[in-house]
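Colleague: Residue numbers (this note's numbering), protein chains in the order written: chain A, 72 to 360; chain B, 6 to 324.
Simulated from the structure, these hints should not be mistaken for lab results. We treat Cβ as the ideally placed atom computed from N, Cα and C, and that holds for glycine. Keep in mind that a hint or two might mislead.
Capping the alpha-carbon separation at 27 Å, the derived lysine-lysine pairs in DSSO-like fashion look like this [unchecked claim]:
#  : chain 1 : residue 1 : chain 2 : residue 2
1  : A       : Lys79     : B       : Lys204
2  : B       : Lys211    : A       : Lys148
3  : A       : Lys354    : B       : Lys94
4  : A       : Lys113    : A       : Lys344
5  : B       : Lys74     : A       : Lys153
6  : B       : Lys211    : A       : Lys153
7  : B       : Lys204    : B       : Lys11
8  : A       : Lys93     : A       : Lys206
9  : B       : Lys306    : B       : Lys22
10 : A       : Lys100    : A       : Lys148
11 : A       : Lys150    : B       : Lys211
12 : A       : Lys344    : A       : Lys354
13 : B       : Lys231    : A       : Lys150
14 : A       : Lys148    : B       : Lys231
15 : A       : Lys113    : A       : Lys93
16 : A       : Lys100    : A       : Lys113
17 : B       : Lys74     : A       : Lys148
18 : B       : Lys11     : B       : Lys22
19 : A       : Lys336    : B       : Lys94
20 : B       : Lys74     : A       : Lys146
21 : B       : Lys94     : B       : Lys74
22 : B       : Lys306    : B       : Lys24
Just a sample of chain A residues kept apart from chain B, beta carbon distances all over 12 Å, derived [as the list claims (entries may be wrong)]:
#  : residue
23 : Glu87
24 : Leu94
25 : Gln104
26 : Lys110
27 : Ser156
28 : Leu158
29 : Asn178
30 : Gly201
31 : Asn258
32 : Gly272
33 : Asp276
34 : Pro295
35 : Lys300
36 : Gln334
37 : Lys354
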Amino acid sequence: MQLKIQNKIKGPHIVEVLSNIKLSDDTWKLTFQNQTIAKTAKPGQFISILCEDLLLRRPFSVANVKDDTFEIIYKIKGKGTKYLSSLQSGDSADVIGPLGNGFNIENKSSLLIGCGVGIAPINFLSDIFGKTGVKHTFVECSQIALCHCERSREPNFLTKCQKIRGTIHQPLINKWIASSQAPRNDNHIIITEDGSAGLEGRLDDHLENIINEVKPEKIYTCGPNPAMKYIVQTAEKHKIPVEVALERDFACGTGVCMGCVIQIKENDTIINKRICKDGPVFKGNEVLW
Amino acid sequence: MSNLIKLDTSVNISKLKLKNPVLTASGTFGYANEYDDFMNVGNIGAIVTKGITLNPRTGNPQPRIKELKNGLINSIGLENIGIHNFIEKKLPVLRENNINFIINIAGESIKEYVELAKICQSNNIEAVELNLSCPNVKSGCLEFGKDEETLYKLVSEVRNCFNNTLIVKLSSNVSFPEKIAKTAENAGADAISAINTVKAMHVEVKIAASGLSPARNDNAIFEYIKGGLSGSCIKPLALNFIYEIRQHVSIPIIGMGGISCFQDMLEFFAVGADAIQVGTANFTHPDLSETLVSELNNFMKQQNYESLAELVKDLRYEY
Numbered sequence: 072m073q074l075k076i077q078n079k080i081k082g083p084h085i086v087e088v089l090s091n092i093k094l095s096d097d098t099w100k101l102t103f104q105n106q107t108i109a110k111t112a113k114p115g116q117f118i119s120i121l122c123e124d125l126l127l128r129r130p131f132s133v134a135n136v137k138d139d140t141f142e143i144i145y146k147i148k149g150k151g152t153k154y155l156s157s158l159q160s161g162d163s164a165d166v167i168g169p170l171g172n173g174f175n176i177e178n179k180s181s182l183l184i185g186c187g188v189g190i191a192p193i194n195f196l197s198d199i200f201g202k203t204g205v206k207h208t209f210v211e212c213s214q215i216a217l218c219h220c221e222r223s224r225e226p227n228f229l230t231k232c233q234k235i236r237g238t239i240h241q242p243l244i245n246k247w248i249a250s251s252q253a254p255r256n257d258n259h260i261i262i263t264e265d266g267s268a269g270l271e272g273r274l275d276d277h278l279e280n281i282i283n284e285v286k287p288e289k290i291y292t293c294g295p296n297p298a299m300k301y302i303v304q305t306a307e308k309h310k311i312p313v314e315v316a317l318e319r320d321f322a323c324g325t326g327v328c329m330g331c332v333i334q335i336k337e338n339d340t341i342i343n344k345r346i347c348k349d350g351p352v353f354k355g356n357e358v359l360w
Numbered sequence: 006m007s008n009l010i011k012l013d014t015s016v017n018i019s020k021l022k023l024k025n026p027v028l029t030a031s032g033t034f035g036y037a038n039e040y041d042d043f044m045n046v047g048n049i050g051a052i053v054t055k056g057i058t059l060n061p062r063t064g065n066p067q068p069r070i071k072e073l074k075n076g077l078i079n080s081i082g083l084e085n086i087g088i089h090n091f092i093e094k095k096l097p098v099l100r101e102n103n104i105n106f107i108i109n110i111a112g113e114s115i116k117e118y119v120e121l122a123k124i125c126q127s128n129n130i131e132a133v134e135l136n137l138s139c140p141n142v143k144s145g146c147l148e149f150g151k152d153e154e155t156l157y158k159l160v161s162e163v164r165n166c167f168n169n170t171l172i173v174k175l176s177s178n179v180s181f182p183e184k185i186a187k188t189a190e191n192a193g194a195d196a197i198s199a200i201n202t203v204k205a206m207h208v209e210v211k212i213a214a215s216g217l218s219p220a221r222n223d224n225a226i227f228e229y230i231k232g233g234l235s236g237s238c239i240k241p242l243a244l245n246f247i248y249e250i251r252q253h254v255s256i257p258i259i260g261m262g263g264i265s266c267f268q269d270m271l272e273f274f275a276v277g278a279d280a281i282q283v284g285t286a287n288f289t290h291p292d293l294s295e296t297l298v299s300e301l302n303n304f305m306k307q308q309n310y311e312s313l314a315e316l317v318k319d320l321r322y323e324y
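Working from the sequences, and respecting the hints, build out all of it.
Modeller: See the structure below:
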């Protein structure tokens with residue numbers, strides 16, 4: 072029999088590792104070369120990587136794209152991420168994607184909130200907003216300021232941040248923007264629990280103030296469920312719509328196994344939706360947390 | 006010049022003619038062309054749809070999956086769109102794209118199986134796989150596949166209202182596989198597919214730093230999931246099951262259970278399978294079934310086989 076020409080638009084792609092950089096003690100940024108994924112991925116979408124000695128692939132949000140390359144940010148938690156941290160420039164990996172729906176990009180003044188490694192899709196979204204001129208403010212809430220440390224490429228960044236602890240320091244923010252490669256017109260706010268950079272404390276210490284100051288028309292977020300739930304509840308008081316990017320263990324990541332379903336309230340009825348295929352982005356007020 | 010040799014990879018499962026013996030297992034491949042982004046679904050022998058019930062089902066609560074070292078436990082609970090949505094939304098896609106398919110149906114009673122079979126007959130569905138082996142639903146399925154008397158009644162009643170290819174999917178969670186398989190054949194099954202996932206449980210015990218209190222487990226956190234086990238860890242069970250039933254039935258057997266490479270496929274042929282289904286491995290390698298088809302073609306060319314039947318005959322382990 073004659074096989075028809077294969078139509079593998081979402082892979083499996085064998086992609087080359089360009090770099091694997093340690094951002095903090097346990098968090099890394101991995102950059103891959105692949106034109107198809109780099110040209111088609113949208114913020115909020117994910118890719119799924121085949122990991123040595125593991126039955127299932129591991130999903131990661133696309134954290135940015137540039138030319139023919141794309142990035143992921145990951146925290147070492149188990150065997151899959153440990154394997155990723157062993158990859159070196161020149162190695163290759165088996166990747167499928169981009170998968171999932173991605174954020175709905177609207178020309179509305181937006182507040183982007185990334186918590187922990189949930190910063191990944193928010194980082195990508197912020198770049199797209201920067202390039203397309205959508206007014207937005209980028210809040211990074213984590214134990215340490217991953218993206219900004221890396222973006223600012225300032226050797227004494229953390230020391231300087233410590234000096235401005237507790238304030239949103241506009242001149243320094245402007246300097247970060249100027250030093251970043253991508254053209255940006257956004258504001259950045261950092262919240263770290265120990266105050267080692269930006270505002271000290273947790274998201275719930277500052278969110279109300281930030282919303283009152285920024286007055287966003289829309290909020291986009293990704294992070295641990297309790298943080299996103301809090302953001303959705305707070306935003307509801309201000310009548311601001313929220314888009315959340317969810318995660319859960321996937322078996323297939325492509326929508327066939329029904330392993331990752333979540334309950335969603337749609338038009339007053341509760342239905343199952345697949346995080347991997349119908350999501351990972353959902354309207355915050357439709358998620359039954 | 007080798008292109009001139011016409012390779013015949015086809016296999017007949019009763020009236021159902023398959024262009025090759027590679028199928029995809031129910032629950033791992035969606036309903037129709039879901040894997041189009043990764044492969045050409047039309048290139049494989051057939052897809053077996055997600056298990057379909059009379060009415061849509063929302064399935065079990067989370068957690069639904071647990072990855073183990075060489076296997077996967079799932080407890081999806083047959084979440085599916087129901088036969089009517091399938092006929093309306095998915096059947097046209099399958100037919101428009103010339104995708105060979107088998108519908109996997111599951112019921113809570115014999116009456117439901119019969120009703121589902123009638124709907125399949127009236128829509129001229131070429132092949133039905135009776136799910137008598139899903140371990141994840143409270144009533145039905147596996148209950149019908151364990152008891153010979155019930156199995157005979159169910160299969161023969163379905164047989165009476167469905168004229169096309171009728172496949173009975175069995176579980177290995179039975180005491181006498183050969184008796185169950187023979188019963189299915191006697192009741193009119195055209196083929197047997199085996200094995201479904203195996204009943205299994207995963208437990209994680211985490212002891213708090215302060216230790217267990219006497220006679221209490223307050224300080225231990227138990228995470229557990231009960232469901233069906235699949236993946237390469239069940240392959241030995243599947244091979245044995247097929248080997249045992251092959252000696253007692255003459256109808257075709259579609260083998261599955263942990264197939265993840267070409268070598269695995271050959272092993273299933275060796276113990277008695279006439280075709281195979283790829284299941285859990287689809288999750289990891291969404292193009293695996295298509296790869297197996299092309300590997301089979303290459304292997305037959307290399308080994309100078311003109312037909313699959315000859316290859317299977319030579320592979321068959323003599324009892």
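Colleague: Indicate, hint by hint, whether the structure satisfies it.
Modeller: Going through the hints against the structure:
no.: 1; hint: Lys79/A to Lys204/B; result: 35 Å, violated
no.: 2; hint: Lys211/B to Lys148/A; result: 17 Å, holds
no.: 3; hint: Lys354/A to Lys94/B; result: 26 Å, holds
no.: 4; hint: Lys113/A to Lys344/A; result: 20 Å, holds
no.: 5; hint: Lys74/B to Lys153/A; result: 16 Å, holds
no.: 6; hint: Lys211/B to Lys153/A; result: 22 Å, holds
no.: 7; hint: Lys204/B to Lys11/B; result: 43 Å, violated
no.: 8; hint: Lys93/A to Lys206/A; result: 31 Å, violated
no.: 9; hint: Lys306/B to Lys22/B; result: 22 Å, holds
no.: 10; hint: Lys100/A to Lys148/A; result: 14 Å, holds
no.: 11; hint: Lys150/A to Lys211/B; result: 19 Å, holds
no.: 12; hint: Lys344/A to Lys354/A; result: 12 Å, holds
no.: 13; hint: Lys231/B to Lys150/A; result: 24 Å, holds
no.: 14; hint: Lys148/A to Lys231/B; result: 25 Å, holds
no.: 15; hint: Lys113/A to Lys93/A; result: 24 Å, holds
no.: 16; hint: Lys100/A to Lys113/A; result: 18 Å, holds
no.: 17; hint: Lys74/B to Lys148/A; result: 17 Å, holds
no.: 18; hint: Lys11/B to Lys22/B; result: 17 Å, holds
no.: 19; hint: Lys336/A to Lys94/B; result: 23 Å, holds
no.: 20; hint: Lys74/B to Lys146/A; result: 21 Å, holds
no.: 21; hint: Lys94/B to Lys74/B; result: 37 Å, violated
no.: 22; hint: Lys306/B to Lys24/B; result: 16 Å, holds
no.: 23; hint: Glu87; result: 20 Å, holds
no.: 24; hint: Leu94; result: 27 Å, holds
no.: 25; hint: Gln104; result: 20 Å, holds
no.: 26; hint: Lys110; result: 15 Å, holds
no.: 27; hint: Ser156; result: 20 Å, holds
no.: 28; hint: Leu158; result: 18 Å, holds
no.: 29; hint: Asn178; result: 30 Å, holds
no.: 30; hint: Gly201; result: 30 Å, holds
no.: 31; hint: Asn258; result: 38 Å, holds
no.: 32; hint: Gly272; result: 28 Å, holds
no.: 33; hint: Asp276; result: 30 Å, holds
no.: 34; hint: Pro295; result: 17 Å, holds
no.: 35; hint: Lys300; result: 16 Å, holds
no.: 36; hint: Gln334; result: 9 Å, violated
no.: 37; hint: Lys354; result: 20 Å, holds
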